[in-house]
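*Asks:* Let the sequences and hints guide you as you build the complete structure.
Protein chains in written order, with UniProt numbering: chain X, 1 to 434; chain Z, 1 to 434; chain Y, 1 to 434; chain U, 1 to 434.
These are calculated hints, taken from the structure and not from any lab test.
Please read these numbers as outputs of a predicted model, since none were measured by experiment.
Wrong hints could be hidden among the right ones.
[Stated by the list, open to error] Restraint-style ranges between C-beta atoms, simulated for each label pair: (1) Z:328 - U:384: 46 to 52 Å; (2) Z:323 - X:84: 54 to 60 Å; (3) U:266 - Z:77: 34 to 40 Å; (4) X:409 - Y:82: 24 to 30 Å; (5) Z:121 - X:422: 43 to 49 Å; (6) Y:8 - U:87: 16 to 22 Å; (7) X:205 - Y:380: 51 to 57 Å; (8) U:399 - Y:279: 48 to 54 Å; (9) Z:3 - Y:82: 22 to 28 Å; (10) U:264 - Y:143: 54 to 60 Å; (11) Z:204 - U:419: 40 to 46 Å.
[Unchecked claim] Calculated pairs, DSS-like style, for lysine-lysine (alpha carbon to alpha carbon, straight line, at most 30 Å): (12) U:113 - Y:4; (13) U:318 - U:116; (14) Z:262 - X:262; (15) X:413 - Z:262; (16) U:113 - U:273; (17) Z:12 - Y:262; (18) U:318 - Y:262.
All C-beta atoms in this analysis are idealised placements derived from N, C-alpha and C, irrespective of residue type, glycine included.
Protein chains: 4
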Amino acid sequence: MAYKDEQLHEEKVFKDPVHRYVHVRDRVIWDLIATPEFQRLRRIKQLGTTYLTFHGAEHSRFNHSLGVYEIVRRIIFNFKDRKHWNEQDRLLCLCAALLHDLGHGPFSHSFEKVFKLDHEHYTQQIIVGDTKVNHVLEKVYPGFANEVADVIAKTHSNKLVVSLISSQIDADRMDYLQRDSYFTGVSYGHFDMERILRVMRPTEDQVVIKSTGMHAVEDYIMSRYQMYWQVYFHPVTRSSEVILTKIFHRVKHLYDKGYIFKLEPTHFISFFKNEENLQDYLKLDEAIVYYYFQMWQEETDEVLQDLCERFINRRLFKYVEFDPNKMMNVWLELIQLFKNIRIDPDYYLVVDSSSDLPYDFYRPGEEGERLPIHLLMPNQELRELSRESDVVEAISGKKRTDHKLYFPLDMLKENKDKETVEKIMAILQIQGDV
Amino acid sequence: MAYKDEQLHEEKVFKDPVHRYVHVRDRVIWDLIATPEFQRLRRIKQLGTTYLTFHGAEHSRFNHSLGVYEIVRRIIFNFKDRKHWNEQDRLLCLCAALLHDLGHGPFSHSFEKVFKLDHEHYTQQIIVGDTKVNHVLEKVYPGFANEVADVIAKTHSNKLVVSLISSQIDADRMDYLQRDSYFTGVSYGHFDMERILRVMRPTEDQVVIKSTGMHAVEDYIMSRYQMYWQVYFHPVTRSSEVILTKIFHRVKHLYDKGYIFKLEPTHFISFFKNEENLQDYLKLDEAIVYYYFQMWQEETDEVLQDLCERFINRRLFKYVEFDPNKMMNVWLELIQLFKNIRIDPDYYLVVDSSSDLPYDFYRPGEEGERLPIHLLMPNQELRELSRESDVVEAISGKKRTDHKLYFPLDMLKENKDKETVEKIMAILQIQGDV
Amino acid sequence: MAYKDEQLHEEKVFKDPVHRYVHVRDRVIWDLIATPEFQRLRRIKQLGTTYLTFHGAEHSRFNHSLGVYEIVRRIIFNFKDRKHWNEQDRLLCLCAALLHDLGHGPFSHSFEKVFKLDHEHYTQQIIVGDTKVNHVLEKVYPGFANEVADVIAKTHSNKLVVSLISSQIDADRMDYLQRDSYFTGVSYGHFDMERILRVMRPTEDQVVIKSTGMHAVEDYIMSRYQMYWQVYFHPVTRSSEVILTKIFHRVKHLYDKGYIFKLEPTHFISFFKNEENLQDYLKLDEAIVYYYFQMWQEETDEVLQDLCERFINRRLFKYVEFDPNKMMNVWLELIQLFKNIRIDPDYYLVVDSSSDLPYDFYRPGEEGERLPIHLLMPNQELRELSRESDVVEAISGKKRTDHKLYFPLDMLKENKDKETVEKIMAILQIQGDV
Amino acid sequence: MAYKDEQLHEEKVFKDPVHRYVHVRDRVIWDLIATPEFQRLRRIKQLGTTYLTFHGAEHSRFNHSLGVYEIVRRIIFNFKDRKHWNEQDRLLCLCAALLHDLGHGPFSHSFEKVFKLDHEHYTQQIIVGDTKVNHVLEKVYPGFANEVADVIAKTHSNKLVVSLISSQIDADRMDYLQRDSYFTGVSYGHFDMERILRVMRPTEDQVVIKSTGMHAVEDYIMSRYQMYWQVYFHPVTRSSEVILTKIFHRVKHLYDKGYIFKLEPTHFISFFKNEENLQDYLKLDEAIVYYYFQMWQEETDEVLQDLCERFINRRLFKYVEFDPNKMMNVWLELIQLFKNIRIDPDYYLVVDSSSDLPYDFYRPGEEGERLPIHLLMPNQELRELSRESDVVEAISGKKRTDHKLYFPLDMLKENKDKETVEKIMAILQIQGDV
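*Replies:* Right, dumping it as structure tokens:
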């Protein structure tokens, strides 16, 4: 039997708290899960620093990747014998689903921002490069790895397959909403996935939703909206991301100016120089990052030491609302006041903005790559969701942005220049409870 | 207001997936949670390597510690105005609950076994030593830290308070059964805690259970039994523990014989020498351990390198049932055969035994410190649980032990001495599917 | 001890699938639950005929009434020691909560429509009339029954107490959304009630919501929206309500014109004559109604017999969308065609409209009695919810109405005048799948 | 296409709170559900009077029957392509599952006891008699109805098919444990059905369980044990059953001795005379029974009137433990004392015993028709469950019986012969809290 069609002697299952069981029958999938590159995802949290806000959110990207695979498996199972669906694409979909997040590094959000990296680029590299994952994929047939990479990159010619993995209502989103809800324990994030799976229909170039399932989709979209603002953009999490970002900035800055580290940032140097390769990248995980942060608490550089200690011991920055239209002058004044009392505003007075994503969702068509959700009406016509749904229509056009100003309240309180601190506090308190 | 009575301006809550919310009103509790020693528990998994079997089990001891605190808080809340209950003991109970696992290190089970340590000893040390936790506690009143330590050590004179934290049906067990069940996703581990809390009654020297709640307790005991054999003693988890233990053994062995490491085991040296102090211990967490394991994959020592690579990439040992009564000869023969093909049986042929705990539970009285569960009958008499419950009585006397023999199947398959390997396999396969 | 303050020897609990436990400590509450008038609610389904669409929805108003009581009990528990809250109002709130639906009769919706009755009127009557419920209440203090009645009628001078029982986010709504969701099994209807209860704050004249809980309230409002359209206004349920209404109409019509019944409609005669009294009303329950419907399957009047048989055996009417603006002519034509083939359009061609409620909700102020939901901002200011919430604002102004035309498809198919039937079908099918 | 193979144009689903969705594809199943005989099950509660103890338990046998059907559907789905499984038996299994409880009448337990009936007999009659159900079944092929009846009667030659419907771990038990747990809200009754379904294997003459699933089966058996004693044999429910039984006894007694009823017991007369036929039986449902009970509250016979009023308004009997070995004399004395104060002990002093079922379960082999549960070991051998499971073995041999003595405490308290009543109370109170 060709490797491609090889089935496990007996179906394997993973116990999964979200989907109850993850089922594996294909040898390829089993072998991919066993690769070091995939196992590495166990050492990277799905929600980065969110566990500092919601202590339950300690789950890894390994978890989520299995979940996305399982959802796609169930969708495809329902597609059997449906028009437009080609059973030959099954393995392509399953592999793309399993591997779609493979390139994530530790604390991707902050890390990528500082070092101008892109985890999607690395997902591609791991799949097509000289890796165990690539070797397993290429055993299916030569060129298969490239196909999988293309699906994930949304450049594959089979639009139906692409839409299963990346669209406004894809397996990725359906898994993370439910999974992140489960692990954080929030009451948002629930919707009737079983029903959505049952009303999904393959068409020539996308998955559409039978109109009878519209309300389940509405519920999914509201879940997504709530999860963004209640969990993903939680201001406390953003505080920890601010600190994380500043640590990376500081280390790079120190390295660039020739600072002598007690513990050299060996794992990061190629990134500082923009010379990193795939192997450098794959060596990174959260344990590595934590190790350095732990050790750097003993560096002589006070900023680095302080930021690391804050991150490790969760002594986060406080925040106030920040309105960029009204407060630019205030900000400039604060920067000067911070300088006056020798607190470096580059590291200790930070504006962070969150915006867009959930609303973007409801305005399909604006960004070229985002497919709107289409309903399949009883008369076989397709209609874009927001045309049919009052609720979705209502929140479609609304862009929402939230700006906050972060700063170390404790540090201010301990500063000896009480007078200046009082000035700062007066300015900040106008914005609300600190 | 005395620090002891100081309440937070507004109640703080943690969203908890198991208990929905964890409520904090006392300034002391809030300050304890913020200490570095307590935050360190975020970097230590509640179930060690179990996540390699149940991928959801990535939750930390931080999680669990908050949960135990919350359960005790709810028990005490119900105790208000009950005879025998002294509201003055409230803070003592809450602190002991929160801190009872404070001394756990990374992968305690294996680590303690190899280095002859005891996390309970460290819990005591952290509470009474020169730590932030100690400073917070001593602000309640001088000597309070010692009282908390005594409660956790079960040496405190107030037996009622001790029994809340450590007994056959304490807050610790009630939290971990539910929490581990939640995160692994297994269907065991459920029982009606709300009802148990409502039927708990303080007496002079212990918490007892109103007899109308007996069935909820039965359910709890069955949950415990199932969790032990289905989750805690899962043979795949034990495989990873075997490897972990052998890594620690190997490193110590190499260090002792003067091996030159590429990465010196700096964090471990004091442990090798039995000279470790509290600061050495507190520096350990799972990130540190993972960092070394990652790096040691590149050591020249093949055993160390192989074991680390196995652990990191989850290439675990396989196992067969092992009956020590019948198989000692078989084992000795296997040891010789392994030596013949140059696979060191000290590291690659390991018997692991699990036993006792759940059954011990139902035979109270044998070990001095274990209190049986007492039912409070309608006539106010106390009766030991197994006298009243058929189910508990039935499983009370049954000690159960499970032995397994672990070995690297892949390594055998790749060995060139096919003939010897076949002999080994023949011996092993008699014991069942490998 | 005054009856008013009398506590049960030991707290009683009811196991409740929605709130886990319902707790009763007050003798008054316990005695009210035991009255025949309250027990009667066990024989009236919470959702009328909805069980014909969602088979799980067989729960009674007894269920729901306990649930509302329990929620109010929890709200009040949180209010203890808060400004504006007077502990003396506790019993008033609890009794009003428990009894607020006491006047519901069997299939209220249809029954009241046909006989021009109002269950709220009967709730008042049962509380102030010569009933067991009244006797229990009056033991609290003379005039207490009237106070309870006033709270339910929203005429009581204590606006805070009234708002607990009847407002846009009262205990009634919070219970039924969750309960109906639980029993139907739909995935809508979930929200974080525990959080809402914790952010509720008493003010002088209403309960308001701390602004930090706004998102939980948004979720509640979306739940309500989805429940209305997915469950309460489900077109199949409306089909059974149409039949029910027509049965009552027919019986009255037959009685009025002197038809000789095999089984006299004894229980209904006073209602036909508008002479019913409280005792007549209290004798009604669903068992009585079902008994008559069962028996009337054997009446000689074909319409009555057919409608009863349809209801009992769930042979419901089919429906098509109906647009009153465009379809009045169509309807008139259909009426004529029905007459031509001797199917009485008064009973067999029915327009049913559902509308308003959920949207009304978000437009507070229009109807005098509806209080908007107010948020308590950090600066202690009150702000109306839709000013702060994008989502709520978005759906606030949108009135939605749904009209459907119901008819017996089977009867048409069996009619001998094939030609006319074909015409009818052609007209109907234009409106969509029948 | 033959009716037998006819599929619905589109799969139909029922929203089910326990199994999420019940799926129907076969025209036969759809048509069976629509028959009056099957719809009648909506008017008969699954747990009889249990709703008087657990208010949530208002679900009907209709509910449960759909659930059993759905479980069998899922089992069979897993059987596809397995050895020993014949896809031709699919419809036979599904119909037997759906219809297995068709013969249940209102309050079967009490009703059958008094009138010496057997619902299983009626299930057979409805399937093979002149009913709509029979007509649908016979359209599959002539004789099919008889085959379905044989499967339910366990007399069908295909033992594998029989074991799916009736065995120690059949779809019936799996549904009711979960369903009754869901609706009562108790925390017992949970087990991992999904896993059990996956480890079920067809053999020539029964369904067996792969040994890897043993612990899920243990959990199921413990669930069953807890549900029996916590829910099904709850002493309060038994109190209502006692009253129910006595009502039926009284009515028959009155009828036999020529009492003149205000409301003739028309529906019951053929049962009194042992002349009932299938049509008489099918006319019964709980609404009918309630109607009579309601009306009989106004009869002149005091016993009948009182018992009906008790049942309707839930004024139940109280109880004390009763040990038949020690208390026969006590009982005889009580009977005399009751007579002395003119309370008829035939109706007001009742011993009720519950026993056996759950334990029976664990002693397979004793009753000819009960198949033990067999595990399929890795070596393909079959082993009886209690040989492998400590827990099951432990509770296997233990028969448990519970006797209680029921009586109307209120009636005693109101009796004027205080002295005798005091004697009675003294005797009863020795047995425990009344």
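*Asks:* For the pair supplied as a hint, residue 318 (chain U) and residue 262 (chain Y), confirm whether the alpha-carbon distance does not exceed 30 Å.
*Replies:* violated (42 Å)
*Asks:* Can the suggested window of 24 to 30 Å be confirmed for the beta-carbon pair residue 409 (chain X) and residue 82 (chain Y)?
*Replies:* With a Cβ separation near 29 Å, residue 409 (chain X) and residue 82 (chain Y) satisfy 24 to 30 Å, so the hint holds.
*Asks:* Could you see if the CB distance from residue 264 (chain U) to residue 143 (chain Y) stays within 54 to 60 Å?
*Replies:* About 46 Å separates the Cβ atoms of residue 264 (chain U) and residue 143 (chain Y), which means 54 to 60 Å is violated.
*Asks:* Do the Cβ positions of residue 121 (chain Z) and residue 422 (chain X) conform to the proposed distance bound of 43 to 49 Å?
*Replies:* Given range 43 to 49 Å: holds, Cβ gap about 48 Å.
*Asks:* Per the hint of 46 to 52 Å, is the separation of the Cβ atoms of residue 328 (chain Z) and residue 384 (chain U) within bounds?
*Replies:* Once the Cβ atoms are compared, 31 Å apart, the range 46 to 52 Å for residue 384 (chain U) and residue 328 (chain Z) is violated.
*Asks:* Evaluate the given range 40 to 46 Å for the C-beta pair formed by residue 204 (chain Z) and residue 419 (chain U).
*Replies:* holds (42 Å)
*Asks:* Looking only at beta-carbon atoms, does the pair residue 8 (chain Y), residue 87 (chain U) fall within the given range of 16 to 22 Å?
*Replies:* violated (60 Å)
*Asks:* Need the status of pair residue 262 (chain Z), residue 262 (chain X): alpha-carbon distance at most 30 Å?
*Replies:* holds (18 Å)
*Asks:* For the pair we were handed, residue 113 (chain U) and residue 4 (chain Y), check the Cα-Cα distance against 30 Å.
*Replies:* Not satisfied, since the Cα-Cα distance of roughly 45 Å exceeds 30 Å.
*Asks:* Holds or violated: residue 318 (chain U) with residue 116 (chain U), Cα cutoff 30 Å?
*Replies:* holds (27 Å)
*Asks:* Please test the hint of 54 to 60 Å on the beta carbon pair from residue 323 (chain Z) and residue 84 (chain X).
*Replies:* holds (57 Å)
*Asks:* Determine whether the Cβ-Cβ distance between residue 266 (chain U) and residue 77 (chain Z) falls within the hinted range of 34 to 40 Å.
*Replies:* violated (58 Å)
Consistency note: the structure conflicts with the earlier hints numbered 1, 3, 6, 10, 12, 15, 17, 18.
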